[in-house]
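Trainee: In case you want the letters, here they are:
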Amino acid sequence: MTAIVSVKNLTKIYEGGFTALNDVSLDIEQGEILALLGPNGAGKTTLISAICGLVSPTSGTITVGGHDIISEFRAARSLIGLVPQEITIEPFETVINTTKLSRGLFGMKRDDAHIEETLRALSLWDKRKSRNVELSGGMKRRVLIAKALSHEPRVLFLDEPTAGVDVELRRDMWNLVRRLRDDGVTIILTTHYIEEAEEIADRVGVINKGEILLVEDKTSLMSKLGKKQLTIDLQQPVEAIPQSLSSYPLTLGPEGKSLIYGYDTSAERTGITKLLNDLAAAGMTMSDMSTSQSSLEDIFVDLVKEDAP
Amino acid sequence: MNWYAIAAIYKFEMARTFRTLAQSVASPVLSTILYFVVFGSAIGSRIDDIEGVQYGAFIVPGLIMLTLLTQSVSNASFGIYFPKFIGTIYELLSAPISFIDIVVGFVGAAATKAVMIALIILATSTFFVDLQIAHPVWMFAFLFLTAITFSLFGFIIGIWAKNFEQLQLIPLLVITPLVFLGGSFYSISMLPPAWQTVSLFNPVLYLVSGFRWSFFEVADVSVGISLAMVCVFLALCLTAIWWIFKTGYRIKN
Ligand SMILES: Nc1ncnc2c1ncn2[C@@H]1O[C@H](COP(=O)(O)OP(=O)(O)O)[C@@H](O)[C@H]1O
Ligand SMILES: [Mg+2]
Chain A
1 MTAIVSVKNL TKIYEGGFTA LNDVSLDIEQ GEILALLGPN GAGKTTLISA
51 ICGLVSPTSG TITVGGHDII SEFRAARSLI GLVPQEITIE PFETVINTTK
101 LSRGLFGMKR DDAHIEETLR ALSLWDKRKS RNVELSGGMK RRVLIAKALS
151 HEPRVLFLDE PTAGVDVELR RDMWNLVRRL RDDGVTIILT THYIEEAEEI
201 ADRVGVINKG EILLVEDKTS LMSKLGKKQL TIDLQQPVEA IPQSLSSYPL
251 TLGPEGKSLI YGYDTSAERT GITKLLNDLA AAGMTMSDMS TSQSSLEDIF
301 VDLVKEDAP
Chain B
1 MNWYAIAAIY KFEMARTFRT LAQSVASPVL STILYFVVFG SAIGSRIDDI
51 EGVQYGAFIV PGLIMLTLLT QSVSNASFGI YFPKFIGTIY ELLSAPISFI
101 DIVVGFVGAA ATKAVMIALI ILATSTFFVD LQIAHPVWMF AFLFLTAITF
151 SLFGFIIGIW AKNFEQLQLI PLLVITPLVF LGGSFYSISM LPPAWQTVSL
201 FNPVLYLVSG FRWSFFEVAD VSVGISLAMV CVFLALCLTA IWWIFKTGYR
251 IKN
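Residue numbers (the working numbering), protein chains in the order written: chain A, 1 to 309; chain B, 1 to 253.
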């Protein structure tokens with residue numbers, strides 16, 4: 001895999017002296033969907049803004065498609081589409097003209113067919129002659145996405161795309177994102193919703209206090225850090241965990257009707273087989289059994305906690 | 001240069017102009033008519049010809065310059081301030097265009113609008129006075145140079161301004177007095193000698209004088225000096241733009 005966006009030792013100290021990014025390095029692979037997950041103020045927007053040229057890096061280098069974003073800014077930026085976090089849109093212009101402006105700004109020849117296709121994909125075609133100010137919040141966000149797609153970017157940044165967005169738009173957006181990915185577009189989205197990263201991303205980068213804590217394949221991240229729970233429902237409730245099972249990390253479920261066993265999926269042996277044998281030896285009969293995996297949320301909370309001083 | 005981008009900015013800005021054309025034209029045209037009624041007819045009938053030019057006609061170049069300067073400054077300053085204010089500037093900053101492309105697009109559109117309005121005023125004034133334009137080529141040269149120079153100046157103000165008050169401040173506190181004291185409505189030879197000297201420090205004097213010369217071949221200062229001064233001011237504005245470009249002053253974090 002080749003990195004289409006490469007960030008090396010990026011530090012951003014804002015004018016007031018606040019360090020928003022601290023020595024961040026990150027390679028984004030061509031064609032992937034990367035979710036940048038982090039709480040408010042983590043530095044997600046700053047990182048995206050630096051890559052897109054909105055914020056000057058204090059130190060470090062960034063390349064997009066192999067082009068340095070400062071010395072070869074034209075080549076680098078023409079690959080990028082950005083949907084900003086805040087809804088910022090020319091109020092008095094029409095939807096279609098705003099979208100056409102974006103295409104022109106990125107140095108691309110007029111292409112009415114592409115504009116139409118983009119607006120249709122975002123259910124904006126019927127609204128194309130409306131002025132932006134007349135649109136609802138969700139519609140405005142669609143226009144922002146249309147603007148970013150109007151110039152056919154190879155790398156698309158979506159900064160908190162689902163903040164304040166209704167279910168319908170969210171679904172449309174994810175469909176669109178998947179379709180774009182199928183066309184080979186690399187997508188970077190930021191979110192502080194774990195479910196979102198879980199739902200859509202191929203890889204997840206966790207960022208907090210201006211530092212990237214880890215970047216992992218979503219599935220391997222979950223299995224690597226994911227702890228699983230085995231819940232064993234008992235036919236006969238017990239008062240306490242039998243002495244013979246005291247070596248296992250077991251907890252008693254509600255009313256003693258179940259036993260809960262926590263294990264690490266990445267451990268060499270989970271100990272499940274042995275536990276079940278010992279359970280039978282202790283004369284306990286199971287009525288049912290289920291496992292559950294901890295979500296990204298738990299992983300994330302763990303990580304951020306570890307990071308805290 | 002990214003010509004598609006420059007064309008896109010220019011077209012977008014011109015669309016904004018045409019959307020609001022009625023109001024942008026109405027106000028200067030109305031005030032011009034009022035000037036003619038008050039100065040041209042009511043007071044002007046009691047003022048002698050100036051250097052052989054009837055007073056009503058004499059003030060036409062001054063009136064056009066007044067509108068041209070205020071329009072150039074306000075169009076360009078508003079044009080770039082507005083995206084900064086509502087945040088759409090993110091797109092300009094993230095596009096594969098240089099600051100120079102942005103300047104050319106915005107300043108080009110602002111100057112075009114200012115020249116359009118100036119020509120409308122010129123046309124309006126022919127209803128009130130007899131006008132001959134002795135040197136039309138020079139007239140257009142002064143018109144365009146001034147429009148571009150002051151649109152650049154307006155662009156700088158738009159970048160500098162942090163709020164709408166500051167945006168209004170310069171046109172109100174600087175441009176209007178300079179235009180009124182720059183011989184728009186009189187010849188500086190009508191002033192006491194000391195004030196004549198002071199007037200020579202007013203850049204607008206050179207614009208008005210050169211512009212008036214292109215109509216009537218009468219001028220407060222020689223046309224060569226006028227032209228040179230316009231170019232000096234243009235160079236100053238370009239230097240300031242270049243500095244903003246180098247430092248990212250008030251546009252980039
Ligand atoms: N222009 C700025 N000047 C100073 N500090 C800023 C500026 N923009 C953002 N910050 C600070 O940098 C930190 C990271 O902000 P941001 O990148 O917006 O975080 P996120 O997008 O992850 O919520 C925050 O603490 C924020 O207050
Ligand atoms: Mg943010």
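Treat the hints with caution; some may be incorrect.
[As the list claims (entries may be wrong)] Here are the computed lysine-lysine pairs in the DSS-like style, where the Cα-Cα straight-line distance is at most 25 Å: (1) A:Lys209 / A:Lys109; (2) A:Lys127 / B:Lys246; (3) B:Lys11 / A:Lys109; (4) A:Lys8 / A:Lys218; (5) B:Lys162 / A:Lys305; (6) A:Lys129 / A:Lys140; (7) B:Lys11 / A:Lys8; (8) B:Lys246 / A:Lys209; (9) B:Lys84 / A:Lys8; (10) B:Lys11 / A:Lys129; (11) B:Lys246 / A:Lys140.
Hints in this document: simulated from the structure, not taken from any laboratory. Bear in mind the structure is a predicted one, so any value in this text is a computation, not a measurement.
Trainee: Which of the numbered hints above does this structure break?
Mentor: 1, 2, 5, 7, 8, 9 and 11
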